[in-house]
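Following the hints, position chain B against chain A.
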Amino acid sequence: MSEMIPALDWQAIFVAPWTTEFSIYGWIFLMGFLVCAACGLAGNYLILRRMALVGDAISHSVLPGLAIAFLAANAWTNRQAAGEGIDLAVEPSGHGISYGFAIFMGALIAGVLTTLMIEIIHTRTRIKQDAAIGITFSTLFAFGVVLISVYADKVDLDADCVLHGEIAFVSIQPFFTIGTYQLAPSPVIRMGLVAFLTLGLMVVFYKELLVSSFDPGLASSMGINATFVHYALMCWLSVIVVSAFEAVGAILVIAMLILPGATASMLTTRFPIVLMLSLLHAAASSVLGLHLAIWLNSSTAGCMVVAGAGIFCVAWVFSPSQGILPNWLKRRQNSKCLPSGEIGTETVGES
Amino acid sequence: MLLCGLEQLNNMLHPSFMAQEKDKIPRIETTPPPANRWTKGLAVEDIPLEIHDLTVAYHHKPVLYGIDLAVPPGKLIGIIGPNGAGKSTLIKAIMGLLPTDSGWVQIFGKNNRKNLKRVGYVPQRESVDWDFPVSVMDVVLMGRYGKLGLFKRPGKEDRDIASACLEKVKMMPYADRQIANLSGGQQQRVFLARALAQESDLYFMDEPFAGVDAATESSIIGLLHELRQKGKTILVVHHDLPTARNYFDMLVLLNMRLVDFGPTEEVFTYEKLQKTYGGRLTILSEVAEAVRQNKG
Chain A
0 MSEMIPALDW QAIFVAPWTT EFSIYGWIFL MGFLVCAACG LAGNYLILRR MALVGDAISH
60 SVLPGLAIAF LAANAWTNRQ AAGEGIDLAV EPSGHGISYG FAIFMGALIA GVLTTLMIEI
120 IHTRTRIKQD AAIGITFSTL FAFGVVLISV YADKVDLDAD CVLHGEIAFV SIQPFFTIGT
180 YQLAPSPVIR MGLVAFLTLG LMVVFYKELL VSSFDPGLAS SMGINATFVH YALMCWLSVI
240 VVSAFEAVGA ILVIAMLILP GATASMLTTR FPIVLMLSLL HAAASSVLGL HLAIWLNSST
300 AGCMVVAGAG IFCVAWVFSP SQGILPNWLK RRQNSKCLPS GEIGTETVGE S
Chain B
0 MLLCGLEQLN NMLHPSFMAQ EKDKIPRIET TPPPANRWTK GLAVEDIPLE IHDLTVAYHH
60 KPVLYGIDLA VPPGKLIGII GPNGAGKSTL IKAIMGLLPT DSGWVQIFGK NNRKNLKRVG
120 YVPQRESVDW DFPVSVMDVV LMGRYGKLGL FKRPGKEDRD IASACLEKVK MMPYADRQIA
180 NLSGGQQQRV FLARALAQES DLYFMDEPFA GVDAATESSI IGLLHELRQK GKTILVVHHD
240 LPTARNYFDM LVLLNMRLVD FGPTEEVFTY EKLQKTYGGR LTILSEVAEA VRQNKG
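Which chain is which? The protein sequence lines are A and B, in order.
Going letter by letter, the first sequence gives residues 0 to 350 in numbering that gives the first Met the number 0.
Going letter by letter, the second sequence gives residues 0 to 295 in numbering that gives the first Met the number 0.
The following block holds chain A by itself, in its conformation from the complex (with noise of 0.2 Å):
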């Protein structure tokens, strides 16, 4: 049994990586914070609006998404090489700008499109929502992978690598660079931005995301237009996904969405404390998974994971409205004060 646990190296483990290997872990725990932020921050939204499972199905039909945007991207290219006679054979180029920015319009495009599908689907037949998801996700996700292995020459791309991206490699992509000084590697920064601006936008337009997932007939009557507070919502959890998808996988994406949030919500019933919980569940979850994958060598996404998914079992335990401690704590006190002995036995003596 001991040969199954690694042993625990307390040097190697938890002084390491903050100290002498700090430039690789430094930013994988960063790359990690920026992802469980954003996606809890958005999921907190999610949750409220009993939306929480979308999250998961942008993150699996983007991948129909991602194919054409490569497959138009490649073509562009093709013929754009053919134009000025680049042999692409010689001289690969091509996952340059454009690649980035065909994949990335689209993934938006199917995050959108996905949203649309099951509101289309929930709202026009008699098909409720969980359902209107599965018919969705599962449907979009199948046409991604008949594209890829369909057009395989073609498609530097698969369905594994999108869902299983690995968080660990971060350190070795190529950094971004100011002049001559390099900043951090370019996934870190996209990210960085992204968690920034979901973060500015959840400030900035906080009133209108509060009223419009409590009561939207109260929001319209407003001027707030509730829709398009939807649509707009969804397109930036596609925009999340997206980022976080090919440097962490779906996983890690997936799970944050909603662990952060659902934690929160354990421990408060205050909303703005509830998203600076659930930031905090994200720099807790992410230190915890980091370390925990270094002890066992493993997948630091998924560790990530497991770790949020630790820190909600201890706030289910601990939380004060709903922990499984205070409650027993409370019924024993209770049952402490009433005279329970005696109506116990009267019964069982009338019978």
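Treat the hints with caution; some may be incorrect.
[To be verified] In silico contact screen, one side only, chain A against chain B (beta carbon under 7 Å); selected entries:
(1) H229
(2) F270
(3) V273
Because the hints were derived from the structure by calculation, they are not lab data.
Every residue, glycine too, gets a C-beta built ideally from N, C-alpha and C.
Positioned in the frame of chain A, the structure of chain B alone reads:
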């Protein structure tokens, strides 16, 4: 949006379908009085609500058909009719929350969607998720959002107004409570406080008395009378016939079509209520009872 347009096109191409559905609407043999009977001589911008030929359909089935209504200011008005008569639909259509198939709605002389800032709204209590992580105060402050612009936060003045509104419904001691920990009557009073905080001139309330105790009901009706005294116009969807007579100045009798609209004493008659409720025996006996009580 594209699909919505296609559906409308579809309707236009197949008018026979609508006509066929139209026949299913109860035929009510009254010659409707001119819509502007109670608003004659008023300037257009003084008429809180004017509806012309409003038709609303769900999935090709008309729910409201050809409603013509003009409401005078400073009245407490009940909207009554049987289940499925389109009472809530009428309010939602007026508020622009539903697509309409024909007709127009004006609020204080302007297109309804452009003048919603003058409207306060109390939705049905079940329409929101009461587990939402907000406090009573937060909900009442939402009533102020319409008055604030984009990007602006509720300030001290808004908080003072919200506190005053909570005080009015006697919910100030609960200001910091999470809304999940409230009873049905308390939830209804929070919604009322929120509507008060909107400081509107025209109010729509969807069954504010559903599931509240007698004490809350009478305190709510007291508040509504107070609002009316200040010249506000209030339309209330109401379910309980016996109390309707005592609560409201005017009544809208609705059963997919407008049966009648007028002062309560003129409209609350056995004959007109029978027209509204059709041949539903249990309700008819209730109506008879209510009318008898009024005579006595």
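Hint-by-hint comparison with the structure:
no. : hint : in the structure
1   : H229 : 13 Å, violated
2   : F270 : 5 Å, holds
3   : V273 : 5 Å, holds
In this structure, the one hint that does not hold is number 1.
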